[in-house]
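**Q** Residue numbers (UniProt numbering), protein chains in the order written: chain R, 1 to 197; chain X, 1 to 197.
Be a bit skeptical, because a hint or two may be false.
No copy labels: a pair is met if it fits in one copy or bridges any two.
With a straight-line cut-off of 27 angstroms between C-alpha atoms, the simulated DSSO-like cross-links for lysine-lysine are [unchecked claim]:
1) K153 to K94
2) K137 to K86
3) K107 to K72
4) K123 to K137
5) K85 to K110
6) K179 to K137
7) K96 to K140
8) K140 to K27
9) K179 to K27
10) K40 to K20
11) K107 to K96
12) K137 to K94
13) K137 to K20
14) K153 to K47
Source of the hints: derived by calculation from the structure; they are not laboratory data.
There are 2 protein chains.
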Amino acid sequence: MVYLLFSGGKDSSLAALILKKLGYDVKLITVNFGVIDSYKLAEETAKILGFEHRVEYLDKSILEEGVSLILKHGYPAEGINYIHKKVLETLADKYKVLADGIRRDDKVPKLTYSEIQSLEMRKNIQYISPLLGFGHKTIKDLINRFFIIEEIKSGTKITSDYEAEIRSYMKMIGEDPNKYFPEHKQSRVVGVRNWEV
Amino acid sequence: MVYLLFSGGKDSSLAALILKKLGYDVKLITVNFGVIDSYKLAEETAKILGFEHRVEYLDKSILEEGVSLILKHGYPAEGINYIHKKVLETLADKYKVLADGIRRDDKVPKLTYSEIQSLEMRKNIQYISPLLGFGHKTIKDLINRFFIIEEIKSGTKITSDYEAEIRSYMKMIGEDPNKYFPEHKQSRVVGVRNWEV
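Let the sequences and hints guide you as you build the complete structure.
**A** Quick look at the structure:
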């Protein structure tokens, strides 16, 4: 059994596929801090992929502290890293094998080697990032091999990553999220193919 | 098509399995520097796993420089890293998708993130380390799930990793390899199971 942090995006979908192909019973988890129901897209995608999915409601203070780090630094890296680490720390008390969709070329969120060692040893868990050894081009090839992708036009659909709730929370406290987050295209998995390769 | 550096050991066998499950046509490559025919075990294991295998004969000067680094430092890390990088550089001129069995918890051989970026960009290749996101315990579980393993008693069988030829070459030039390499158990894959999970 492995519990995979799942945003409904291409990367965590590919991570789910790899773990399944390795014989794991994969359960998808989307975290939520009670700001908005940003887990809906992940829920839909989990259904398309055929995996069990659950929402884990975590303490809003994790998100608040993450946002305050983003405001302090003026860019999201530290804040998002903080949130991801806190999420892993919290879930590690409950789940013995935890995974995420972090890729080799991701800058954030990313744990250092020492942080990973520390997490696994303190909590006596296994932490798996199945995409960590794959570069940008390889992941693009694999995603095209296994998934049908649709681009999400900015603002038309709420994605299920940390950014969605961070943005909402920032607006609530009168901050403009566009000052902190670069414009970037998002996409979602709308179908699978070659699943049985 | 992916070309995987293959020693016949558990890690590169698991890397081969993952790549195959991801739909790649996997070819196994064992390098040889002309010191001894250390590729025999890899050849046998490739047959057990059902993969195509070939031996790539590379310039002996790569091994010689690696050994001189080991002698200079008094331990094998730099020398083995040097050899692995040179092997990747050389094969990258010939193969467009290269892989190896490096694990998250391996100290050597290991490329830094910048070295990986540089290799991929200069040579216009993809470099994949499928095990990089998996820790020691997870890899142990996966190996037990898919392979039947036999321990190799020290010195009874020549393994197909760099160490075998390094040790032979050291003896040829009058050095004692046991002064530089720690005693460690080696093992080989003698069968597969649950292949179709």
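**Q** Evaluate each hint against the coordinates.
**A** Verification of the supplied hints:
1. K153 to K94: For K153 and K94, neither the intra-copy (36 angstroms) nor the inter-copy (41 angstroms) Cα distance is at most 27 angstroms.
2. K137 to K86: Classified as between: cross-chain Cα gap 23 angstroms, same-chain 30 angstroms, threshold 27 angstroms.
3. K107 to K72: Only inside one copy: K107 and K72 sit 19 angstroms apart there, 36 angstroms across copies, limit 27 angstroms.
4. K123 to K137: between (34 angstroms within a copy, 14 angstroms between copies)
5. K85 to K110: both (9 angstroms within a copy, 25 angstroms between copies)
6. K179 to K137: neither (29 angstroms within a copy, 42 angstroms between copies)
7. K96 to K140: So K96 and K140 pass the 27 angstroms test across copies only (16 angstroms; inside, 30 angstroms).
8. K140 to K27: both (24 angstroms within a copy, 21 angstroms between copies)
9. K179 to K27: Neither, since 35 angstroms and 48 angstroms both go past 27 angstroms.
10. K40 to K20: within (22 angstroms within a copy, 33 angstroms between copies)
11. K107 to K96: both (26 angstroms within a copy, 25 angstroms between copies)
12. K137 to K94: between (35 angstroms within a copy, 18 angstroms between copies)
13. K137 to K20: both (22 angstroms within a copy, 18 angstroms between copies)
14. K153 to K47: Within. Shortest intra-copy distance 22 angstroms satisfies the 27 angstroms Cα cut-off; inter-copy 50 angstroms does not.
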